[in-house]
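Colleague: Working from the sequences, and respecting the hints, build out all of it.
Protein chains in written order, with numbering that gives the first Met the number 0: chain A, 0 to 894; chain B, 0 to 107.
Just so you know, these hints were derived from the structure itself, not from any lab. Note that the structure is a prediction, hence the values are computed from the model and not measured. Even glycine gets a Cβ: it sits at the ideal position worked out from N, Cα and C. Any given hint might turn out to be false.
[Said to hold, decoys possible] Which bits of chain A does chain B cover? Going by a derived footprint, with three or more residues having C-beta under 8 Å, they are:
# : stretch
1 : 34–47
2 : 52–64
[What the hints assert, rightly or not] Beta-carbon label-pair distances, calculated as ranges:
# : chain 1 : residue 1 : chain 2 : residue 2 : range
3 : B       : K54       : A       : R457      : 48 to 56 Å
4 : A       : G311      : B       : E46       : 48 to 56 Å
5 : B       : A7        : A       : Y88       : 26 to 34 Å
6 : A       : G468      : B       : F8        : 31 to 39 Å
7 : A       : R322      : B       : F8        : 30 to 38 Å
8 : A       : L464      : B       : R59       : 56 to 64 Å
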Amino acid sequence: MNRGSGPLMRVLLAVIDLGRWLAPRSRRRQWRRQWRADIWHESQWLDRRSSGLVPRTALVIRTAGAIRHALWLRLHVRRIEMLAQDLRYGWRSLVRRPGFTLVAVLTLGVGIGANVTIFTLVNAVLLRPLASYQPDRVVRLAARSAAGRAVTRFSFSFPDLVDIRERSTMLTDLSGVNLGTFILAADNRTDQLIGEIVSGRYLPMLGARAVSGRLLTEADDRPGAAPVAVIGESLHRRRFGAEVDVIGRQILLTGTPYTIVGVVERSFTGSFVAAPIDLWVPLESSGTAIGPGWRTDRTTRPLSIVARLRAGVSEGQAREEMRTIAALLGRDVPPAQRLSAIDVVPGTLVTGEQRRLARIFLSLLLGLVGLVLIIACANVGNLVLARVLGRRRELAVRVALGASRSRLGWMLLTESALVAILGGIVALLLSLWTSRLFSSITPLPSFTLRLDLRPDIRIVAFTALATIGAAVLLAAVGAFHAMRTDAVALKEGSAASIGGPSPARLRAALAAVQVCVSLVLLIGAALFLKSARNAEAIDLGFEPRGVLATDLDGAGRSTPAGNRRLFDEIVRRVSALPTVEAVAVSTRAPLDSSTPVVRVSAREAIAPSTESGVTTVSMLVVGPKYFDVVKTPLVAGRVFDDRDEPERAPVVIVNETLAARLWPDGDAIGRRLWLEPTMVSDTFATVVGVVRNSKYLTLGEERQGHVYLPFAQHPRPGMALLIRASDVSERLTNAVQQTLRSVDPNVQGFFTRTLAEHVSVSTLPVRLAARTAAAVAALALGLAIVGLYSLVSYLVAERTHEIGLRMALGANAADVMRLVLGYGVKLACIGLALGIPAALASRRLFGSLLYGVSAGDPLIFASVPLSILLVSALACYVPARRAMRLDPLTALRHD
Amino acid sequence: MRKPPPLAFGHVSILHAIADGSRFGFDIMDATGLTSGTVYPALDRLESLGYVTSKWEDPRHARRDKRPPRRYFDLTDAGATALAAALTRYKNLKPVSLAAWRVRPSEG
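Modeller: Set out below in structure tokens:
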């Protein structure tokens with residue numbers, strides 16, 4: 000036959016010749032013939048017309064369709080002809096063995112479910128976007144120190160916001176936001192609330208939706224606008240009743256009348272993860288809640304800035320622009336008040352250092368539950384393998400009747416996929432229930448974390464991914480063996496052949512892996528539990544018992560003198576209450592991760608841009624009786640007293656660590672200390688006292704330098720009140736609140752708690768980790784034991800014939816027991832031998848969460864493997880006893 | 000017997016093209032305006048559903064044109080029934096005013 004005419008046709012036919020390998024074998028010939036003929040015919044027709052380039056290009060494109068056709072055939076020929084059959088078959092065989100199905104589905108369900116549960120937390124904290132509308136266009140601004148470190152959350156003053164808004168062309172809807180605490184008074188009842196004080200564009204920018212009324216608008220945020228508030232759906236329901244129409248209603252917020260103009264849908268939670276936010280008010284009418292001089296004050300930086308990228312602008316371009324703006328801003332602002340640099344970071348709920356810590360903590364938890372999934376898969380894999388072995392005869396018959404290996408593989412994959420999908424469904428349902436555990440985390444009696452744990456597309460996708468992973472793992476285990484099945488197996492397909500060496504070894508390896516992984520998990524859990532206990536016993540450097548702490552946020556006057564009068568009056572009145580021994584104000588209650596930090600120097604002033612060789616210390620402004628309240632002993636010099644008046648020379652008290660670091664040669668008393676002027680107004684202060692070290696920011700910190708400044712010289716708004724009393728009870732709490740109200744009806748104590756409760760907030764991560772790890776490890780051990788038990792039981796059943804033979808030949812019950820028990824214990828020992836080095840290696844990962852637990856705690860590393868060994872022996876004992884009691888005659892007859 | 004699901008529009012137009020006399024793959028593409036990556040799989044699918052059958056061209060006829068015989072398609076009775084049902088389905092669509100969408104009436 001003529002080989003065709005044009006060169007184009009020859010090329011296209013060559014494509015078809017090559018492409019035929021893409022088509023499934025059963026259709027390959029037909030596909031090639033069909034396309035060859037059609038292309039041939041078409042190009043002949045084109046040649047006859049001697050037409051131009053366009054129809055020829057069309058022919059090329061049509062030929063490309065042949066490849067799609069071939070791929071379609073590859074997917075669909077199998078699917079059409081076999082998938083339905085496989086599914087039907089798989090389903091039937093699962094239903095026929097309900098015991099296997101139930102155990103496999105539940106095991107996988109628990110394994111995947113544990114992962115989905117932790118992922119729910121990851122999703123709520125790290126993945127949920129800030130905005131519901133085009134979330135990837137939302138960014139946060141972060142002030143950065145010159146060295147590119149220390150991104151802080153609240154890093155802008157209101158004048159900064161105005162400056163940036165004026166100059167930026169790449170960002171739109173620049174909005175400032177800060178948290179504020181409010182006293183809501185309505186219907187003769189008062190409640191403490193947390194709200195966001197925001198710019199007018201904030202709510203619409205983040206895509207919040209009002210369920211009734213309207214959102215805040217720019218008009219509400221103009222100077223002189225009537226004070227309005229938007230409340231959250233949950234506050235509406237809780238406080239007013241869901242049916243009550245609150246729009247237009249007057250309420251008092253910390254003494255100022257506001258009109259409610261809208262209710263925001265429940266799913267909008269603001270830009271602070273976990274904070275239960277119930278209220279949104281505009282900056283203009285509520286700015287005083289973030290600081291008395293908020294409109295002009297550049298030294299305090301209470302605002303976080305969120306913005307949207309303009310259409311077509313990339314994050315990198317916006318970052319570039321912010322760099323320029325930061326440099327421009329520097330010019331007309333005094334050096335001490337300059338922003339060092341502005342960075343643009345993605346708009347996520349948690350940012351900066353917090354995000355880094357959260358990521359470490361959560362990936363640790365995900366790693367732990369990932370191990371559980373491995374155990375679950377190993378377990379079910381073992382069951383699948385047992386079933387493959389049990390069905391060897393059936394599979395051999397199929398092979399003998401002409402089923403191809405890949406066909407068998409597909410069949411097993413379908414079955415595994417069915418099990419995994421059922422497991423995934425169980426997991427999703429299970430996680431709906433288990434993830435609720437995280438919704439009741441209460442760091443403080445009056446503060447429950449509010450995490451958005453509702454399932455969303457990401458959670459479903461994660462479940463699907465975990466399910467697919469499990470299905471592939473299972474199918475791999477099953478297929479690995481099925482591939483080796485051939486017609487020969489038909490002959491020796493009886494149980495007597497003891498499973499051949501390789502599958503038995505594979506199954507033993509799976510069991511050993513389970514023991515190994517659960518050892519790692521148990522050791523991890525034990526380390527966490529011990530560390531949580533150690534954390535309670537850490538020397539804090541102060542005495543938390545017998546102290547009540549409460550935050551006087553929003554309480555403040557516009558002048559320093561006014562602040563001083565207010566807090567002095569509060570301290571005087573509260574001191575007069577019965578059982579009260581000492582009272583003091585302080586910037587924060589001791590041991591608080593939000594304690595401010597400041598740069599200090601023993602010699603001269605440091606330029607704002609200097610980074611190296613600067614000492615950064617934590618700082619508290621405290622009242623005179625502070626050291627009596629927290630019982631931190633004085634080492635040298637004196638504590639603050641009446642001499643430290645504003646007009647007198649500024650003074651400071653340092654801790655031992657700082658004294659030793661700055662003046663290693665001798666006495667610190669009387670030395671001059673420079674303090675960064677962004678935090679305090681006076682630059683040099685004289686050291687009048689040295690106190691014992693304590694914990695300031697975190698429990699785990701070591702040798703943290705710290706300074707105390709006298710409240711009289713630095714009167715600020717928004718202090719914490721610390722009260723030492725012989726009777727810290729509800730009665731005292733109420734008495735304190737009453738006293739506060741009698742001083743000023745707008746002053747109220749927020750988050751009133753004992754100092755012991757306050758300190759326990761710092762141990763929350765480690766306690767949470769300990770609790771989760773313990774639950775996960777228990778789960779893992781349970782699964783591993785069930786796995787070991789089922790493996791040994793199966794082997795006993797499989798080797799009944801052999802055991803009978805041994806008994807007939809004179810083995811006694813003890814020999815049989817030794818045989819079976821020895822097998823199981825040997826597996827456990829292999830698992831332990833692998834697990835101990837793995838546990839030692841993984842200890843590094845836990846490092847940052849462990850308090851005072853030595854590297855390889857010998858007690859833990861000895862007792863955990865021993866107890867696993869004991870439990871494993873117990874798990875093997877049951878089937879061993881069954882084997883021991885076999886009647887040799889029956890056993891020998893066993894097929 | 001279970002009632003087969005209604006055909007997709009692409010399948011209907013392919014059946015329609017075959018009934019209208021286009022019997023080869025490329026002719027069907029020309030008649031329907033669909034791409035080859037759609038038409039060829041659809042033909043195989045329609046065949047597996049029993050709506051069309053395929054045969055190879057008479058080799059003598061092809062040899063005369065100096066080319067291999069092509070695969071051509073015919074409607075089965077089931078295919079004709081399904082096509083009739085689908086056409087009725089489309090015909091029964093109530094006329095609606097699209098004035099609000101500013102649709103220009105197409106010439107065809």
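Colleague: Range first: 48 to 56 Å. Now tell me if the beta carbons of A/G311 and B/E46 are that far apart.
Modeller: 49 Å, holds
Colleague: According to a criterion of three or more residues whose C-beta lies within less than 8 Å of a C-beta of chain B, is the stretch 52–64 of chain A covered?
Modeller: Result for this restraint: holds, n = 5.
Colleague: Taking the beta carbons of A/R322 and B/F8, is their distance inside 30 to 38 Å?
Modeller: 55 Å, violated
Colleague: Check, residue by residue, whether the stretch 34–47 of chain A contains three or more positions whose beta-carbon lies closer than 8 Å to a beta-carbon of chain B, and give the verdict.
Modeller: holds (count 7)
Colleague: Regarding A/G468 and B/F8, is the given constraint of 31 to 39 Å on their beta-carbon distance met?
Modeller: 38 Å, holds
Colleague: In this structure, is the beta-carbon distance linking A/L464 and B/R59 contained in 56 to 64 Å?
Modeller: For B/R59 against A/L464, whose Cβ atoms are near 58 Å apart, the range 56 to 64 Å holds.
Colleague: Measuring from beta carbon to beta carbon, are B/A7 and A/Y88 in 26 to 34 Å?
Modeller: 29 Å, holds
Colleague: Could you tell me whether the CB distance from B/K54 to A/R457 stays inside 48 to 56 Å?
Modeller: 52 Å, holds
In this structure, only the earlier hint numbered 7 is contradicted, and the remaining ones agree with it.
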